[in-house]
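Novice: Residue -11 is where the sequence shown starts when you use my numbering, and the numbers rise one by one after that.
One or more hints might be untrue.
[Unchecked claim] Here are the simulated distance ranges between beta carbons:
(1) 227 - 370: 46 to 54 angstroms
(2) 161 - 334: 15 to 23 angstroms
(3) 41 - 193: 49 to 57 angstroms
(4) 257 - 38: 35 to 43 angstroms
(5) 405 - 230: 41 to 49 angstroms
(6) 259 - 369: 34 to 42 angstroms
(7) 260 - -9: 45 to 53 angstroms
(8) 13 - 212: 39 to 47 angstroms
(9) 233 - 31: 20 to 28 angstroms
In case anyone wonders, no lab produced these hints; they're calculated from the structure. All C-beta atoms, glycine included, are put in the ideal place defined by N, C-alpha and C.
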Amino acid sequence: MSAVHETVAVFLLLAVLAFAVVRPRGLPEAVAAVPAAAVVVAIGAVSPADAWQQTRTLLPVVGFLAAVLALARLCDDDGLFAAAGDAVARRGGGSPGRLLGGVFAVAAVVTAVLSLDATVVLLTPVVFATAARVGARVRPHAYATAHLANSASLLLPVSNLTNLLAFAASGLTFTRFAALMALPWLAAIAVEYAVFRRFFRADLTNGAHPVRPPDEPAAPPVPAFTLVVLALTLGGFVVTSFADANPAWAALGGALVLGVRALLRRRTTVPALVRAANPLFCLFVLALGIVVKAVVAGGLGTAMGRLLPDGGSLPELLATAALAAVLANVINNLPAVLALLPLAAPAGPGPVLAVLIGVNLGPNLTYVGSLATLLWRRVLRERGAEPGLGEFTRLGLLTVPATLAASTAALWAMLRAVGG
-11 MSAVHETVAV
-1 FLLLAVLAFA
9 VVRPRGLPEA
19 VAAVPAAAVV
29 VAIGAVSPAD
39 AWQQTRTLLP
49 VVGFLAAVLA
59 LARLCDDDGL
69 FAAAGDAVAR
79 RGGGSPGRLL
89 GGVFAVAAVV
99 TAVLSLDATV
109 VLLTPVVFAT
119 AARVGARVRP
129 HAYATAHLAN
139 SASLLLPVSN
149 LTNLLAFAAS
159 GLTFTRFAAL
169 MALPWLAAIA
179 VEYAVFRRFF
189 RADLTNGAHP
199 VRPPDEPAAP
209 PVPAFTLVVL
219 ALTLGGFVVT
229 SFADANPAWA
239 ALGGALVLGV
249 RALLRRRTTV
259 PALVRAANPL
269 FCLFVLALGI
279 VVKAVVAGGL
289 GTAMGRLLPD
299 GGSLPELLAT
309 AALAAVLANV
319 INNLPAVLAL
329 LPLAAPAGPG
339 PVLAVLIGVN
349 LGPNLTYVGS
359 LATLLWRRVL
369 RERGAEPGLG
379 EFTRLGLLTV
389 PATLAASTAA
399 LWAMLRAVGG
């Protein structure tokens, strides 16, 4: 590839990411990504054959993303998130500290099972309402949904788009992946919680002042049918893994069951279900993959190959996770994982999972580190509570290095205990 092609590819990647951050006039990210992908193919930075191969590689991942987005929206429509928020408020007993613990627990489970997008888009508004209900300051609880959307997405292959890509590159089964990442997941959440308790101690020691009368309203019903479908869907993820099938089929099955039920009850429409799957965002991911392919071919892959360790010792895994975290904050975690996985995969599942730790935990440092953080910022802005850049960065400086170290050390321990 010529220097001109390389320069154009890098410029287009940065332009697409900038567009995704700003989203002028609320336009979808695909408006910038699709033309950029067309340009890199047209100028020869990526051959049509390579572009098609990249698209074929990403299609199963994007198919899962669409299915799980629709599934999460249907769960929200059935009142699952409202019931979770009510349970957290009641068990918090008016204590901001206990409320934070409840938010951590719910956000960790929602992120792991329904992906980080569900936590950011669907759970964050519920957390706002719950904090208002008990009269607690919203800052620590709102920040918790952003951080846990990234940090708590380590557990399952289905928890994050980056996980699905790493899962495909690792050669692991669903259960082996979950077993290896369970301790790193717990370590990240524990460190986040400890830092949050200290960072927001003034907010958490301030007494709650409920804005509602003392007589509690009736609790929203727990959607038992929805919970059963979710449990079966999670079991389906395990079955599809052993059957060497795309977990998207399990997510699609759960979404179809809840979707058909909602249609029969006239609680949704087919266009609404299509919008829930966010096809334009899925198109953005496919187009971004082609642009990243051009950048990697233009020299980024070679540069990263020189820096990326190729072993599984603790220092090497720590260096891999740190490099991935830095790259995620420079070019966003999705391009970062697309660039690093082909380099890490030959060394085995350990380095692949270390890359995943870096690209999942690193984005808690900057707004541009992950698309989920950008979505979270948009949700807060709509509620007149946009976070301050300085505060977000200070919290990230306290949590990111600590969670990276703790989770990577936990991964190394699990690899030694159960093997990769």
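Novice: Would you mind marking each hint as holding or not holding in the structure?
Specialist: Now the hints, each set against the structure:
no., hint, verdict
1, 227 - 370: 46 to 54 angstroms, "violated (39 angstroms)"
2, 161 - 334: 15 to 23 angstroms, "holds (20 angstroms)"
3, 41 - 193: 49 to 57 angstroms, "holds (56 angstroms)"
4, 257 - 38: 35 to 43 angstroms, "holds (39 angstroms)"
5, 405 - 230: 41 to 49 angstroms, "violated (22 angstroms)"
6, 259 - 369: 34 to 42 angstroms, "violated (26 angstroms)"
7, 260 - -9: 45 to 53 angstroms, "holds (48 angstroms)"
8, 13 - 212: 39 to 47 angstroms, "holds (42 angstroms)"
9, 233 - 31: 20 to 28 angstroms, "violated (38 angstroms)"
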